[in-house]
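S.K.: Listed here are the chains, written in short residue letters.
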Amino acid sequence: MAEEEVAAEVEAVEAVYGEDCVVLNPFPPHLKVHIKPRTADVSSQQFVEATIGIQANSKYPDEPPIVTIVDSKGLDEQRQNHLITSIRDRAAELSSCLMLVALCEEAVEKLSSMNHPDGDCPLCLYPLLVEEEGSTSMPFMKLMSCFHCFHCECIIRWYSWLQTRKEVDHDNTAGRHEDEDNKGQCPVCRKVFLPKDIEHVLHLAGTSDFSSVENDVVDEEDILLSNSEKERRQKFEAILKLQQENSGLIEPKRHEVLLPGVYLPRPAPTPAAISDKEAKDQQSENAAENSGTTPGGSSNRPSTSKHRNFPAKKHYRGRGRNPGKNASKWTPKESGAAS
Amino acid sequence: MTSPSPSARKGLSKIACNRLQKELVEWQVNPPAGFKHKVTDNLQRWVIEVNGAPGTLYANETYQLQVDFPEHYPMEAPQVIFLPPAPLHPHIYSNGHICLDILYDSWSPAMTVSSICISILSMLSSSTVKQRPADNDRYVKNCRNGRSPKETRWWFHDDKV
Chain F
1 MAEEEVAAEV
11 EAVEAVYGED
21 CVVLNPFPPH
31 LKVHIKPRTA
41 DVSSQQFVEA
51 TIGIQANSKY
61 PDEPPIVTIV
71 DSKGLDEQRQ
81 NHLITSIRDR
91 AAELSSCLML
101 VALCEEAVEK
111 LSSMNHPDGD
121 CPLCLYPLLV
131 EEEGSTSMPF
141 MKLMSCFHCF
151 HCECIIRWYS
161 WLQTRKEVDH
171 DNTAGRHEDE
181 DNKGQCPVCR
191 KVFLPKDIEH
201 VLHLAGTSDF
211 SSVENDVVDE
221 EDILLSNSEK
231 ERRQKFEAIL
241 KLQQENSGLI
251 EPKRHEVLLP
261 GVYLPRPAPT
271 PAAISDKEAK
281 DQQSENAAEN
291 SGTTPGGSSN
301 RPSTSKHRNF
311 PAKKHYRGRG
321 RNPGKNASKW
331 TPKESGAAS
Chain A
1 MTSPSPSARK
11 GLSKIACNRL
21 QKELVEWQVN
31 PPAGFKHKVT
41 DNLQRWVIEV
51 NGAPGTLYAN
61 ETYQLQVDFP
71 EHYPMEAPQV
81 IFLPPAPLHP
91 HIYSNGHICL
101 DILYDSWSPA
111 MTVSSICISI
121 LSMLSSSTVK
131 QRPADNDRYV
141 KNCRNGRSPK
151 ETRWWFHDDK
161 V
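In order, the protein sequences belong to chains F and A. At position 226 of the first sequence (counting the first as 1) the number is 226 in the UniProt record's numbering, and the numbers step up by one without a gap. At position 92 of the second sequence (counting the first as 1) the number is 92 in the UniProt record's numbering, and the numbers step up by one without a gap.
Hints in this document: simulated from the structure, not taken from any laboratory. Note that the Cβ used here is the ideal one computed from N, Cα and C, for glycine as well. It is possible that some hints are incorrect.
[What the hints assert, rightly or not] Dumping the calculated BS3-like pairs for lysine-lysine here, alpha-carbon to alpha-carbon at most 27 Å: (1) LYS22(A) / LYS191(F); (2) LYS10(A) / LYS166(F); (3) LYS183(F) / LYS166(F); (4) LYS36(A) / LYS10(A); (5) LYS196(F) / LYS73(F); (6) LYS36(A) / LYS166(F).
[Unchecked claim] Away from chain F, derived, C-beta distances all over 12 Å, residues of chain A: (7) ARG19; (8) PRO32; (9) PHE35; (10) THR40; (11) LEU43; (12) ARG45; (13) PRO85; (14) LEU88; (15) PRO109; (16) ILE118; (17) SER127; (18) VAL129.
One chain only, chain F, in its complex shape (with noise of 0.2 Å):
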């Protein structure tokens, strides 16, 4: 077959896959594609590609191309395998005519039809993608750079451990790099992703967006150090003196601050995601040790979690590896250093 015919075979290659065709050799034709699944340009409801190298020599299209996958992501060694025989087979089957776009498009097919997660959640074990029928398994996502995937609620889990994790060190440590401060690691290959990388997924896990999250943190932390805070402490412990003092007995309108609303909390801010048992014990002390202070005032404001209470924020490295301990027993870890 002419020369010509195989050029002009090329350039229809490139014309369909524009940027994702690299021609390393015009005749004979050795082109490399990207390969993506059909999904309406959603790229995160890819979760595969590949890109396949086919190289042909000069007697094509008598001789079939060699076609090999030079990367490909999401496609364990069996997927990969797939794709090649498929591709392998399509080679064969079309002997003899010009089959580069047809070899390309067998590539698409294939990738839409193995396009899903495969195996197991890493962080859960359980599988990604339940395929027997009448069965409805979790929603899960793919990290955009490294194509790992994990259920959405592991990950946003994960995210939010990390980001709970880097405010405790933020108090420990001065001078951390700011622009680290959103970021996570994909638990698999550590390649780093950031928060808009998972924000897609939020609403399927059922937990808001991390920002409300975050201000919620800003907003507790403002309360309790705020000046009307504490002269709101301090007016009451003059009345709890006061009180003590009279035995219990106190006549309100004579202390202005026992007015209606002065002690009322400001609106509970949403309980966060996470918030576990431990929070609970937290806010079940918080309570014991603020009802002394405040009976029925800011021991229901609940603390989030454990970690965005400001007080228990210096506890929590202790807290969060010798939970039996009380807070007071604490001590911070030795500077002495082991190797």
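Use these hints to put chain A onto chain F, whose structure you have.
M.R.: Same frame as chain F, now just chain A:
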């Protein structure tokens, strides 16, 4: 070192429980070579027998690893120590504490007990000399109150062993 560590006293969260049950099943189907899980009814503390790999300094030797899982496993790393007698190794202290980054700073929730075991066996296998870490006595003295190795500020500087 055999007394329950403070971090292990708090019960496992539901997520941790599910995950550990899954790991246990997987272990039973496909245990890492050279390891044997000693069966107990305690999901939160695993005791695992390690056999030194053939052809290494620890061939034909058996040690015991104790793995305690925190409430929020696998977000938090488990505490992994050798029960006495701990193998003589440049990164293993005589109290059983193991200097291995993945158990502390480099922990990832995608790791499993099985993958930890393989890392530890690999660490043992690549050792060329049976000796304690240089700072063994100082470190062990500092840990006398039964401190968990997770409280240690580790420096990881040796990637050869």
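S.K.: Does each hint hold? Answer for all of them.
M.R.: Now the hints, each set against the structure:
Among the hinted pairs, LYS22(A) with LYS191(F) is consistent with the structure: their alpha-carbon atoms are about 26 Å apart, no more than 27 Å. Between LYS10(A) and LYS166(F), the direct Cα distance comes to roughly 23 Å. Compliance with the 27 Å bound is thereby established for this hinted pair. For the suggested pair LYS183(F) and LYS166(F), the alpha carbons sit about 10 Å apart, so the restraint of at most 27 Å is met. The straight-line distance between the Cα atoms of LYS36(A) and LYS10(A) is roughly 26 Å, inside the 27 Å bound, and the hint therefore holds.
Pair hint LYS196(F) plus LYS73(F) holds up; C-alpha atoms about 20 Å apart against a cutoff of 27 Å. Proximity of LYS36(A) to LYS166(F) is assessed by CA-CA distance (about 36 Å); at most 27 Å being required, the pair is judged violated. Some Cβ of chain F comes within 12 Å of the Cβ of ARG19(A); the nearest lies about 6 Å off, and the non-interface call is violated. With a closest Cβ-Cβ approach of about 15 Å to chain F, PRO32(A) is found to remain outside the 12 Å limit, as its non-interface label requires.
Residue-level check passed: PHE35(A) sits 18 Å from the nearest beta carbon of chain F, beyond 12 Å. Listed as outside the interface, THR40(A) is consistent with that label: its C-beta sits roughly 21 Å from the nearest C-beta of chain F, beyond the 12 Å cut-off. Even its closest Cβ contact with chain F, about 14 Å, leaves LEU43(A) beyond 12 Å, as expected for a residue assigned away from the interface. No beta-carbon of chain F is positioned within 12 Å of the beta-carbon of ARG45(A); the least distance is around 15 Å.
Consistency note on PRO85(A): stated as away from chain F, and its beta-carbon is indeed over 12 Å from all of that chain's, at 20 Å minimum. Interface exclusion of LEU88(A) from chain F stands, the closest Cβ pair being 16 Å apart, more than 12 Å. Its beta-carbon lying about 5 Å from the closest one in chain F, PRO109(A) breaks the requirement of being farther than 12 Å from that chain. With a least beta-carbon separation of about 16 Å from chain F, ILE118(A) lies farther than 12 Å from that chain, consistent with its non-interface assignment.
Even its closest Cβ contact with chain F, about 15 Å, leaves SER127(A) beyond 12 Å, as expected for a residue assigned away from the interface. Listed as a non-interface residue, VAL129(A) keeps its Cβ farther than 12 Å from every Cβ of chain F; the least gap is roughly 15 Å.
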